[in-house]
Amino acid sequence: MKSFLLGVLFYAPVFLFAQAGGYSTLYLNVTDSADHPVAFTDVWLIDATTSAEQEGITDHKGKVHFRVDHGSTYYILFDKSKKHSEVAVPSYGSLVITRALVYQPPASRATPLAMDTLDQSVGANARAGRSEALFVLKLKGQNKAPIANYPVVLTSTTYRRVYRTTTDRSGNARFLIKPNSKYLIGLEDWADYSSFNFPDYPGGKLTKTLTFEPTNVEEQMRNDTVRQTIGTDDGPTSARFLVTVQVRNYENAPLAGEELIFDVDSSQRVYLVTTDEQGIGRALLPKQYVYDVHLKYESYLARYDFRDKRGFGRVEIQCRYRGSEAIENYMAQVPRDENGIPLSFQPGMVETKVPENLIKVKETKNGFDINLSNANGVSTPGVVEDRLFISHGIYSNLFHCLNAHTGEHYWTVALSEGGASAVACENGVVLVNTESCTLYALDVQSGRMLWSHWLSPYLWTTPSVYDGLVYTVYANDASSYGFGKGDIKGFVMACFDLKNGAVKWQKNIANEGMGAPVIAGNLVYMAARGGELHRFNRLDGSSATMANLKLTAPPTVVGNRVFAMQQHPSKANQEQVVVLEASI
Amino acid sequence: MLQTYPELSGKSHFEQLLASYHVYCMHHQGSQALHYKGFNYQVLGENLVCSDPRNGKLMWKLPLPQVAGSKKALATMPSLAGDELVLTTLAGEVWRVHPINGKILDRYATASKLWSQAVVANGNIYTGSNGKNLHCIQTGNPALDGWGQWSMNGTHNPVVMGLPDI
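Protein chains in written order, with our numbering: chain A, 477 to 1060; chain S, 7 to 172.
This is chain S alone, in the form it adopts within the complex (with noise of 0.2 Å):
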């Protein structure tokens, strides 16, 4: 072990995720980071975190949405498309975010909570739910594309444009 970063922490949803034993389980993702042209990408307890990898140090962080009539907010590891960050929440909602400043680009509502990460393809985004619906949103925009599987790609190694060393 190199090292840790103690200020890059939150809570756990380790065991209540697991524990559940659903079908999500069999993608579980938990705070796995993406990282995208030398930062990491994150959830971390309730926000969306961007840190530096070389020194853990944090760069902006962004609060999720809270499930309503409650506190509680979690989100999947981000998906990366057209140089956006795609989050799906369990709020119901699908934020497109800038990966520089954190801003909010777009935010769509589904009728769902949301638990397992998007996928994004030719200006699409998929996303399953915790009921009967498969969501497709249509951006109209082309260059959301490339992130067409559960973590990425068949390596499930989210890097995209990963430095050799860092």
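In isolation and in its complexed conformation, chain A is listed as follows (with noise of 0.2 Å):
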């Protein structure tokens, strides 16, 4: 029998938070035409000028990555004698690019067969027969130990199959397979940790080693919940991240007990794990997700993409934070009117930051562009005279005044939280919510902060300005927030002094608003979530009125008319137009 080998695959114990160089790493979605993912599916990149070709393999969930060069495009292909689309890739910016591709599989593969799942136990002296072939896998960790008793996966896309087994006590992991196809290595709940392709040798055997360092981590988990305790001395593994948050408060006092929730994007999976004394709280969390950290009250503290990341990786972040606990006291025990609404509210925070190196100017061929360093996600600027304002992206409580011609740094501020919305300006005055939830206005020359109003734990909408009033809703139940908690319910329309930020009247609302509140004439509306449409006197919010029209966008006021969308009747996921009268 010949039998050939692989040699030895390595991973660097070292993790690199930027790729150096000129290439990105272009994911591609692929869904069917009901948006249903396509899996197990072959899929070849193709350079278009060298005709290099890659290939691989959507995943369970229609995914699929390659390595992709600056300034080059790629053929993208489902079937090698047809070309489905092509991406160009820019010869500088972003390291991951995206893409979602709708591919209708022929029809004999339309529906994915179910995987064969077979569990072996293939002995140290096992023979492959004519139809098989023998694939070994070494495991050992970083000192070179082999890693016993280990559970490995193998599948087969070609043949729709599952092999699992376990390695014996040398680390061994011993699999009778078809020839003739791919294979994905899975470990932990890494499903592709590693690949081989099994050439179409009966009898043949193939060995390959691996180096792994497994994750040996406490957690309960409850559908598709996981709670962790990590120990101090417990670091990141080949198959999991590190990430360490640290929480201190306003007074700059380590907050224990705070719960942090680690969201796995696309999926109902969260991680949970709790601050100890030091404020501090560890999370191990899989590669292969992207993830939104979360406290309590306060949401989108950070976001991270592990997918792609190989090697021992950890990321350690510092956040000030009010506290649950203060929160909910504060909530409990705030004056309200005779409508249970808060009569007071508590400052927000803003220092003035030097942002080193996070924003860069770049001419491109119609103007510059403002890349904003670890930003995701850029919301819509303002512009009064020539000073633009921008956040540095929702996962980042910075607020920037740039020049609007040049780019060139004016000033920069850190907000209390993250989550800033699109602004409004008036008077000298640039007025900005952020989701967790504070209204600030800030002084346009100085970034200097005003006044400001920590409003609630929830915000989802932009402040608005006319004449000297500003208004914005508010979540007004902290009760009913938090993770696991449900919808919100509770929310209040205010209206605040621009100059000092007096409170000149509130009022309650059917649901958390849309967009922002839409000023015409003497009238303020807000469209709610709900559909509904609420109507207020802008002075003093008398004269209310409410109807649910089942609206999907704000209103637009005009004359007498308003006109709004609306969902349409009798048409799913459609939305029409509807007119209304303006007046009161």
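Keep in mind that a hint or two might mislead.
[To be verified] With a cut-off of at most 25 Å between alpha-carbon atoms, the simulated SDA-like pairs for lysine to any residue come out as follows:
(1) A:Lys558 / S:Lys78
(2) S:Lys67 / A:Pro1045
(3) S:Lys77 / A:Ile573
(4) S:Lys43 / A:Gly1035
(5) A:Lys838 / S:Lys43
(6) A:Lys537 / S:Val73
(7) A:Lys841 / S:Leu64
(8) A:Lys1026 / S:Asn53
(9) S:Lys63 / A:Asn1036
(10) S:Lys78 / A:Lys614
(11) S:Lys119 / A:Arg575
(12) A:Lys1026 / S:Leu64
(13) S:Lys63 / A:Gln1043
(14) A:Lys836 / S:Gln144
(15) S:Lys119 / A:Asp545
(16) A:Lys537 / S:His19
(17) S:Lys77 / A:His512
(18) S:Lys119 / A:Thr840
(19) S:Lys77 / A:Asp523
(20) A:Lys539 / A:Met591
(21) S:Lys63 / A:Leu1056
(22) S:Lys77 / A:Ile522
(23) S:Lys63 / A:Lys537
(24) S:Lys17 / A:Asn1024
(25) S:Lys17 / A:Leu1056
(26) S:Lys63 / A:Pro1045
(27) S:Lys67 / A:His1044
(28) A:Lys838 / S:Gly98
(29) S:Lys119 / A:Asn725
(30) S:Lys78 / A:Val563
(31) S:Lys77 / A:Asn1036
(32) A:Lys1026 / S:Pro12
(33) S:Lys119 / A:Met591
(34) S:Lys78 / A:Met591
(35) S:Lys119 / A:Pro566
[Stated by the list, open to error] One-sided excerpt, in silico: chain A residues whose CB lies under 8 Å from chain S:
(36) Leu718
(37) Pro730
(38) Ser855
(39) Ile995
Derived from the structure by calculation, the hints contain no laboratory data.
Predicted model, so just to flag it, every value in this text is computed and none were measured.
The beta carbon of each residue, even a glycine, is placed where N, CA and C say it ideally should be.
Assembly of the complex is requested from the two constituent chains, each provided in isolation within its own frame, with the hints serving as guidance.
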């Protein structure tokens, strides 16, 4: 029997946070015409210039990724005889490119067959039969010691078959498999940690060695919620990133007992950890996913993309937080009017910052790009004369003022929270909401905080301003907020004095706002996410009316008519124009 | 409710966009209309549409560009500057469109998906992105001005030269 060996595959125990050089990672999300993932399907990527070919297979989520060179164009094929689409990789910029592709597999493959699962126990002296092949995986730890009694999974997308076994005392996992297929090697919850091609060689043998540091973590699972307890000595592993979050209050004291929520993107799964006496929470998070990090009453502290990350990675973040108990106490004790609406608000905190190397201006063919390092989603900016106002993305609390013509830096402040809205400006004041959830009034020239109101843990609208009055919406119910609590109830439409933030009037509304309050003449309108349209006298909040019109967008008020969009009464997922009278 | 204009309808992205709970939810515009000189302009389904607000009559429609490799087409509410509509699209293109006939006057490619409305001031078009970049397109035409904030200004009522009675 002939045999052949593959070399040792060794991953350097250093994770590089940024790829250097001229390449990016292209992620393809493949769905069929019904928006279902197209799983376990061959994909070819061909360089349009060099014809160099890469082959991949979509995973069970219809995802596959490739390394691509900057400035190159690639053809994407699902059938090697036919180009499906192409992608041009910019010559600079994002290290991650994502493309959503719609591909309808041939009818014979439209419904993926269920995978056959075979549990195997192949002895050390086993030989492959005439239609089989032998694959041996040698699994070693960082210290070169064999990893014994460890589960290993092989997946053949060609034969739609899953093989399972465990390593023996020598760290060897043996499989009797069908030749002429690509196989994915699954370790822990990483289904394609590695892969190999077994040629059409019946009776053959292939040996592959992997260095792998297993994860040993205390986890309690309940449905899709995983609660972890990570010791201070625990480090990152081959399949998991170590994320350390230090939480301090506004007096810089550590906050113990705070729950950190690591929300897996595009999944119901969350990982929970609790901060220790030093205010530190640690989580070991499986790679191949994207995570949003939240506190109980503050969302989107950070976003981490651990897809395609090899080696041993760790990240650390620090954040300021009012403290869950302090928030609950405040919400319970704050003076309220007869409708249960708070009469006063706590201030936010603003610090001047120097954004070292965080803002870069690059000339482009048509003007310039302002590159905000590590940002993930840049909102609509605001321009007042020569000043441009922009937040540093949803996962940052930085807020910048730049020269609108050149991108030159004027000032930067750190707000108390991230998730800044678009801005509204009037009379030298720039107004911005944060998602968790403060309304700030800043001086246009200096960034100095003129006033601010921490309104609640939850805010998903942009403020409006007109003629010295500021309007916004906030959630007035901390008790129903938080992970696993469901929908929030109790929202307030508020009007403040632009000069000093004094409360002018506040009214309960039916639901979370949509977009921003719309001001027209002496009226202010607020479309709510339940489809309701509220209308108030904008000066004192009187003459309130509300109608549930199943709105899908904020209104536009033209003279005595209101134009809005509503759900189509008979066509699913369609909307239509509705016209209303504007006057009260 | 006075009336509906069922012929002015299209695919709703409302549930999908708001379910994302992304920062763009904080300035969700959906298919909100821009009113300019007696006509409404809005994105309905996969088209930019101009209509007569008095009767809902469709004046013209302009198909939006599709995202590469996908049939998805989406754009923000148009901005209005210098008698032109300025549109940012999910496909990454910024369009300048003639409001009378719906013709594309100019188009600019970016390397980003554009989810949020452009602001236009002093001849420059600024648009955020789903990545790390704020794009500034310098048109060289100072007449392109007057849309310095999301949804026009602090009132967020996108009406330019609206008539009191229509």
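Cross-check of the supplied hints:
1. Under the criterion of a C-alpha separation no larger than 25 Å, the hint pairing A:Lys558 with S:Lys78 is consistent with the structure, at around 22 Å.
2. At most 25 Å may separate the alpha-carbon atoms for a hinted pair to count; S:Lys67 and A:Pro1045 meet this at roughly 23 Å.
3. Restraint check: the Cα-Cα separation between S:Lys77 and A:Ile573 comes to about 18 Å, which is no more than 25 Å; the hinted pair holds.
4. With a CA separation close to 12 Å, the supplied pair S:Lys43 and A:Gly1035 stays within the 25 Å bound.
5. For the suggested pair A:Lys838 and S:Lys43, the alpha carbons sit about 37 Å apart, so the restraint of at most 25 Å is broken.
6. Between A:Lys537 and S:Val73 the alpha-carbon distance is near 20 Å, which keeps this suggested pair within the 25 Å criterion.
7. Under the criterion of a C-alpha separation no larger than 25 Å, the hint pairing A:Lys841 with S:Leu64 is inconsistent with the structure, at around 36 Å.
8. With a C-alpha separation of about 22 Å, the suggested pairing of A:Lys1026 with S:Asn53 holds against the 25 Å cut-off.
9. Restraint check for S:Lys63 and A:Asn1036: satisfied, since their Cα atoms lie roughly 19 Å apart, inside the 25 Å limit.
10. With a C-alpha separation of about 46 Å, the suggested pair S:Lys78 and A:Lys614 falls outside the 25 Å cut-off, and the hint is violated.
11. Of the pairs offered as hints, the one joining S:Lys119 and A:Arg575 holds, with about 10 Å between alpha carbons and a cut-off of 25 Å not exceeded.
12. Under the criterion of a C-alpha separation no larger than 25 Å, the hint pairing A:Lys1026 with S:Leu64 is consistent with the structure, at around 23 Å.
13. Between the alpha carbons of S:Lys63 and A:Gln1043 the distance comes to roughly 19 Å, so the proposed pair stays at or under 25 Å and holds.
14. For the hint linking A:Lys836 to S:Gln144, the alpha-carbon distance of about 17 Å falls within 25 Å, and the restraint holds.
15. About 20 Å separates the Cα atoms of S:Lys119 and A:Asp545, which keeps this hinted pair within 25 Å; it holds.
16. A hinted pair counts as satisfied when its Cα atoms are at most 25 Å apart, and A:Lys537 with S:His19 qualifies at roughly 23 Å.
17. For a cut-off of 25 Å, the pair hint linking S:Lys77 to A:His512 stands: about 15 Å separates their Cα positions.
18. At roughly 17 Å between alpha-carbon atoms, S:Lys119 and A:Thr840 fall within 25 Å of each other, so this suggested pair holds.
19. Between the alpha carbons of S:Lys77 and A:Asp523 the distance comes to roughly 23 Å, so the proposed pair stays at or under 25 Å and holds.
20. For the suggested pair A:Lys539 and A:Met591, the alpha carbons sit about 18 Å apart, so the restraint of at most 25 Å is met.
21. Restraint check for S:Lys63 and A:Leu1056: the C-alpha separation of about 17 Å stays at or below 25 Å, so the hint holds.
22. A C-alpha spacing of about 22 Å is found between S:Lys77 and A:Ile522, which places the hinted pair at or below 25 Å, so the restraint holds.
23. This hinted pair does not check out: S:Lys63 and A:Lys537 have alpha carbons roughly 44 Å apart, beyond 25 Å.
24. For the given pair, S:Lys17 sits about 20 Å from A:Asn1024 by alpha-carbon distance, which is consistent with the 25 Å threshold.
25. Of the supplied pair hints, the one linking S:Lys17 and A:Leu1056 holds, its CA atoms being roughly 22 Å apart against a limit of 25 Å.
26. A threshold of 25 Å between alpha carbons decides the hint, and for S:Lys63 with A:Pro1045 the separation of about 20 Å falls inside it, so the pair holds.
27. Among the hinted pairs, S:Lys67 with A:His1044 is consistent with the structure: their alpha-carbon atoms are about 20 Å apart, no more than 25 Å.
28. At most 25 Å may separate the alpha-carbon atoms for a hinted pair to count; A:Lys838 and S:Gly98 meet this at roughly 18 Å.
29. The straight-line distance between the Cα atoms of S:Lys119 and A:Asn725 is roughly 36 Å, outside the 25 Å bound, and the hint therefore fails.
30. Pair hint S:Lys78 plus A:Val563 holds up; C-alpha atoms about 16 Å apart against a cutoff of 25 Å.
31. Simply put, S:Lys77 and A:Asn1036 have alpha-carbon atoms about 38 Å apart, too far for the 25 Å limit, and the pair is violated.
32. In summary, the hint linking A:Lys1026 to S:Pro12 is supported, as the alpha carbons are separated by about 14 Å, within the 25 Å threshold.
33. At most 25 Å may separate the alpha-carbon atoms for a hinted pair to count; S:Lys119 and A:Met591 exceed this at roughly 36 Å.
34. Distance restraint check for S:Lys78 and A:Met591: the Cα-Cα separation of roughly 31 Å exceeds the 25 Å cut-off, and the hinted pair is therefore not satisfied.
35. Our distance criterion of 25 Å between C-alpha atoms is met by S:Lys119 and A:Pro566, whose separation comes to about 13 Å.
36. Below 8 Å, beta-carbon pairs count as interface contacts, and A:Leu718 has none with chain S, the closest being about 25 Å; its hint is therefore violated.
37. A distance limit of 8 Å between C-beta atoms decides the matter here; for A:Pro730 the minimum to chain S is near 29 Å, and the interface restraint is violated.
38. Using the Cβ-Cβ criterion of 8 Å, the hint placing A:Ser855 at the interface with chain S is satisfied: the shortest such distance is roughly 5 Å.
39. The beta carbon of A:Ile995 is positioned within 8 Å of a beta carbon in chain S (closest approach about 4 Å), and the interface hint is therefore held.
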